[in-house]
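K.L.:
Given the sequences, and given the hints that come with them, work out the whole structure.
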Amino acid sequence: MSTETVHLEDLALARACADGDEAAWEKFVLTYRPILYRSADALDPSGRAREIADSLYAELFGVRGSGEERRSLFHYFHGRSSLATWLRAVLSQRYVDRLRADRRIDALPDDEGAAALAAPTTASLTPDRQRQIDVMQRALTSAVVALDSRERLRLACYYAQDLTLAQTGRLLGEHEATCSRQLARTRKALRADVDRQLRADGLDDRTIAEYTASLTEDAGTLDLKKLLGPRPSSSSSPRKEPSLDRSR
Amino acid sequence: MNMSDSCLDAETLAAWVDGGLSGAELRMVQAHVADCARCQSLVGAMARTEAAVPQPEAPHTTRRWLAWVVPLAAAATAVVIWTTMPARNSLTTPPVTTESARTAVAPPTQPEVVASPELIPEKSERAAENKPESPARPQPTESRDQLAERVAVAPPQEAKTQEANTDVAAAPPAASPETAAAPSAARAQTGIGGGRVAGLLASAQNLCGPNSTLTPPGVTTLNAGSSPSPNVCWIVGRLGVVLLTTDGRTWRGITFPVMTDLSSVTATDARNATVVTADGHAFTTVDGGMTWTAK
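Residue numbers (our numbering), protein chains in the order written: chain A, -11 to 236; chain B, 17 to 311.
Derived by calculation from the structure, the hints in this document are not laboratory data. Glycine included, every Cβ here is placed at the ideal spot set by N, Cα and C. Hints are supplied without guarantee of correctness; some may be wrong.
Per the computed footprint, the stretches of chain B lying under chain A, defined by three or more beta-carbons under 8 Å from a beta-carbon of chain A, are [said to hold, decoys possible]: (1) 51 to 59; (2) 270 to 276.
Reference listing, derived: stretches of chain B covered by chain A, where coverage requires no fewer than 3 residues with Cβ under 8 Å from a Cβ of chain A [to be verified]: (3) 39 to 48; (4) 243 to 249; (5) 297 to 308.
P.N.:
Next up, the structure:
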């Protein structure tokens, strides 16, 4: 912490707001309310995130029930980032958690419903096509698991979360040109690893090319976010050796 | 916090996004997010909100580089137009080329730095305003001398913009005398423009109502408008309602810092505007409503 930059001005404003200083509150509302609302609109134009932004105000002010001590959310800001970024982070956190909570609730239909929803996808695939997808998914999952954390993070940010090269690069502490080169290298390495696994499974080059072309045309049920999500534990991982050829 | 087990808290996430993490903590954060679906979603959400924060101006070197590029591009455009003009040996030419030539020879304006992705459409729309009219539209012909004369006397772009600036205040004059005086002066310049703002104001009025996503419930009237150019119009109303169009058709709501009734607006373009509240306070924006400064 000692070597980090502390955003003193923002920290002073937050402390003053937490202490109930009216002038500080006026400045906060004038400067940061538009940022908070624009962030909410960017997250969800339907207005759902605005509700969260509004509720944040009450917490920032530290509203509590009668008899309880007032504790402002500002007390959790320690100046490690700008106040604007911290507000965006709190808002994003609340929004993502609400979405995930809603999804968990939505994802509990009765078994018949779930089966009915899944049926058309499965039924529409021919056995050959399903086998192609299974084989490729297994190989791709294994190749992604073998990547190191930085490579997985770069792929997740750029492909799964749709960050720009510049945004991805900033999170990884590298220039966007470097980020672009590294992504290209990782793609090439993934492809080489998948090919190697498929050959080890007994597929010839023509079949591998056919599978790859087919998957490129239609990814089917392959979900990139799932592939780049939680890594399987070591014991369940099919293969752990990092065998990617980084020289290419 | 054991970062490998628990998810990022808001402060750590914000510090990471602002480049405030280093060393072992940064590596732990990166390792955790690489394997955590929730934190990856958080990073994605944070990235989507990035445009909400006004970006600092680009380094001076970029502006200097652009300052060289803009006149060069204008000169190149002029050469292309000159060499591709139909019937070069003829003395007649359609006036559509005049518009193009006027654009080409107009003094280069200061290049704008894109403050946020939200503003990019405005830039392209503003560029579209300067496009020549469709050649299919029947126009009288004029000689090259007439053409040269018209190009020579064409007013600079800024003067042209000023001429088009028109304000209409439907509400009683605001407390600020300078702002309150602006509408009538502008109306005196161009009566047509005043009608245009009135039309835009009327069309924006339809955006109010219980189902509106642009105005809060209870806002049924818009108070005043300012249209600095044919497609740009700012309109203000009750409860901090500020609307802006940059294409003369679609409107977007601008977040105003104070939830109070607004009585007048004076704008010079899609980025610069001054809004006066009913109790006489003036707020100015220089970035299309991203940020406001109280005067």
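K.L.:
Each hint needs a verdict: does it hold in this structure or not?
P.N.:
Hints and how they fare:
For a cut-off of 8 Å, the count of residues in the segment 51 to 59 of chain B with a CB near a CB of chain A stands at 8, and the three-residue condition holds. Only residues whose beta carbon comes within less than 8 Å of a beta carbon in chain A count, and the segment 270 to 276 of chain B has 4; three or more means the coverage holds. A stretch counts as covered by a chain when three or more of its residues have a beta carbon under 8 Å from one of that chain; for the segment 39 to 48 of chain B and chain A the count is 3, and the coverage holds. For the segment 243 to 249 of chain B, the stated coverage by chain A is violated: 0 residues have a C-beta nearer than 8 Å to a C-beta of that chain, whereas at least 3 were required.
Under a criterion of three residues with beta carbons nearer than 8 Å to beta carbons of chain A, the stated coverage of the segment 297 to 308 of chain B is upheld, 3 such residues being counted.
Comparing the model with each numbered hint stated earlier shows that hint 4 is the single one that does not hold.
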